[in-house]
Amino acid sequence: MKKLLILLFIGLGSMTINAQADTTPLKGKVTIEVDGLACPFCAYGLEKNLKQIDGVESIDINIDEGSVLLGITKGKQTSKNVVLEKIKEAGFTPGDIKKENDG
Amino acid sequence: MVKFKTILLPTLLLVLLSLEMAAQGPPIFTDTPIMLGVQGRGVRTFGNIISKENANAYAQILVVPYNITSKWQVDAVVPYISISPEGASSNSGFGDLKVFTKYQLYKKDGKGKTLRGLIKLTETFPTGNSTKMPALGSGAYQTTLSLVNGYVTTKYGIYGEVGYNSAGNNLPDNLIYNIAVGYPLLPQKYPPNQLNLFLELNGNYVFDNIGNNLFLSPGIQYIAGRKLLFESGIQIPLADTAPINQQTNYILRIGTRILIF
Numbered sequence: 001m002k003k004l005l006i007l008l009f010i011g012l013g014s015m016t017i018n019a020q021a022d023t024t025p026l027k028g029k030v031t032i033e034v035d036g037l038a039c040p041f042c043a044y045g046l047e048k049n050l051k052q053i054d055g056v057e058s059i060d061i062n063i064d065e066g067s068v069l070l071g072i073t074k075g076k077q078t079s080k081n082v083v084l085e086k087i088k089e090a091g092f093t094p095g096d097i098k099k100e101n102d103g
Numbered sequence: 001m002v003k004f005k006t007i008l009l010p011t012l013l014l015v016l017l018s019l020e021m022a023a024q025g026p027p028i029f030t031d032t033p034i035m036l037g038v039q040g041r042g043v044r045t046f047g048n049i050i051s052k053e054n055a056n057a058y059a060q061i062l063v064v065p066y067n068i069t070s071k072w073q074v075d076a077v078v079p080y081i082s083i084s085p086e087g088a089s090s091n092s093g094f095g096d097l098k099v100f101t102k103y104q105l106y107k108k109d110g111k112g113k114t115l116r117g118l119i120k121l122t123e124t125f126p127t128g129n130s131t132k133m134p135a136l137g138s139g140a141y142q143t144t145l146s147l148v149n150g151y152v153t154t155k156y157g158i159y160g161e162v163g164y165n166s167a168g169n170n171l172p173d174n175l176i177y178n179i180a181v182g183y184p185l186l187p188q189k190y191p192p193n194q195l196n197l198f199l200e201l202n203g204n205y206v207f208d209n210i211g212n213n214l215f216l217s218p219g220i221q222y223i224a225g226r227k228l229l230f231e232s233g234i235q236i237p238l239a240d241t242a243p244i245n246q247q248t249n250y251i252l253r254i255g256t257r258i259l260i261f
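Here the protein sequences come in this chain order: H and C. FYI, the numbering used here numbers position 45 of the first sequence as 45, with every residue one higher than the one before it. FYI, the numbering used here numbers position 116 of the second sequence as 116, with every residue one higher than the one before it.
Just to be clear, a hint being listed does not mean it is correct.
Unchecked claim - Using 30 Å as the maximum straight-line C-alpha spacing, the simulated DSBU-like pairs for lysine-lysine come out as follows: (1) K189(C) x K98(H); (2) K99(H) x K48(H); (3) K189(C) x K99(H); (4) K132(C) x K48(H); (5) K52(C) x K88(H); (6) K80(H) x K71(C); (7) K29(H) x K120(C); (8) K98(H) x K132(C).
As the list claims (entries may be wrong) - Reference listing, derived: stretches of chain C covered by chain H, where coverage requires no fewer than 3 residues with Cβ under 8 Å from a Cβ of chain H: (9) 112-123; (10) 219-229.
Simulated from the structure, these hints should not be mistaken for laboratory data. We put the beta carbon where it would ideally sit given N, CA and C, even for glycine.
Can you make the complete structure from the sequences, with help from the hints?
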């Protein structure tokens with residue numbers, strides 16, 4: 001039982017480390033899939049949370065597509081895990097992140 | 001009442017079901033399991049105009065929710081009540097204060113949809129004057145444990161709430177049950193400009209052989225941008241356990257929700 005608990009803690013610890021490890025930089029424009037985006041009035045919290053990220057200059061929430069187009073200031077960058085964490089804090093489930101052409 | 005049940009109720013259901021569905025906000029009389037937006041970062045206030053056979057009353061209610069996390073919320077409900085009975089002097093003042101907390105039990109999100117459930121614990125404090133008639137409060141501490149569930153998509157929303165209310169001071173316990181369906185009328189977008197229709201059933205089964213109270217509650221809601229929502233609904237009794245001369249004719253609710261945090 002004791003060994004099982006130790007293994008469980010090690011397992012949980014490594015999961016946490018893995019979850020925090022994705023520091024892939026995000027630049028320019030990125031589209032993030034956001035699951036659970038079914039109530040437009042609830043999206044205010046999502047917009048507010050994403051605005052707190054340093055370098056984010058535009059947020060375009062598309063309820064129909066269940067996605068957010070994030071514009072990051074030229075010369076600045078943020079990381080994937082920061083964006084995903086802000087979406088989770090807002091009460092939604094983040095999905096794939098796709099880089100958009102800046103045009 | 002018979003006319004209402006046989007003609008108006010089926011017509012209302014038919015009209016609602018035939019509408020093109022498109023997104024919605026929280027129900028007007030039933031609780032929501034989605035503790036986002038104004039549910040966790042704003043204030044809600046509404047006026048209830050209550051018409052009874054033997055009295056008219058007005059209750060202005062202020063609800064202040066606060067999200068501790070996205071899964072955990074605390075709320076305070078402060079009512080100010082004015083009652084004018086027929087042939088007797090009126091009474092007004094603060095009613096019973098309620099404090100409740102909600103905790104999200106589960107969440108299953110998909111593209112444009114979410115299934116959520118939470119547990120809600122409500123404590124009612126007998127702060128309303130119950131010694132002078134007409135009484136403004138129940139005169140009893142009450143504790144309610146509820147489960148609130150909802151399945152919300154970009155096309156419709158279904159909400160359900162069931163709770164057991166345990167009352168002190170020899171008042172009977174009761175079972176609270178609410179169900180709501182929401183249908184958006186306008187295409188959804190953000191920032192929102194939404195017009196939503198709701199049809200709700202709000203029930204309350206009182207133990208100790210007292211019986212069932214049930215309201216049919218149609219309502220309309222307008223979301224005017226990121227931070228402001230207006231709503232109105234009317235509760236029409238389908239079953240009322242009060243004596244004939246004290247029964248409820250209707251309860252009209254007019255309210256707003258404002259995001260401030």
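Verify the proposed pairing of K52(C) with K88(H), using a straight-line Cα cut of 30 Å.
violated, 47 Å
Taken at face value, is the distance from the CA of K120(C) to the CA of K29(H) at most 30 Å?
violated, 40 Å
Hey, K189(C) versus K98(H), does the alpha-carbon distance stay inside 30 Å?
holds, 21 Å
Pair hint K189(C) and K99(H), alpha-carbon separation not exceeding 30 Å:
Status holds; Cα separation ~23 Å.
Pair hint K132(C) and K48(H), alpha-carbon separation not exceeding 30 Å:
violated, 48 Å
Sort out whether K71(C) lies within 30 Å of K80(H), counting only the CA atoms.
Answer holds: K80(H) to K71(C) is near 23 Å, not above 30 Å.
Agreement of K98(H) and K132(C) with the hint, judged by alpha carbon distance not exceeding 30 Å
Given that 30 Å is the threshold and the Cα spacing comes to 66 Å, the pair is violated.
Hey, K99(H) versus K48(H), does the alpha-carbon distance stay inside 30 Å?
holds, 22 Å
Within 8 Å of chain H (C-beta), three or more residues of the segment 219-229 of chain C
n = 4 at 8 Å, threshold three: holds.
Against chain H, does the segment 112-123 of chain C show at least 3 residues with beta-carbon separation below 8 Å?
holds (count 3)
Hint check: violations occur at hints 4, 5, 7, 8; the rest are consistent with the structure.
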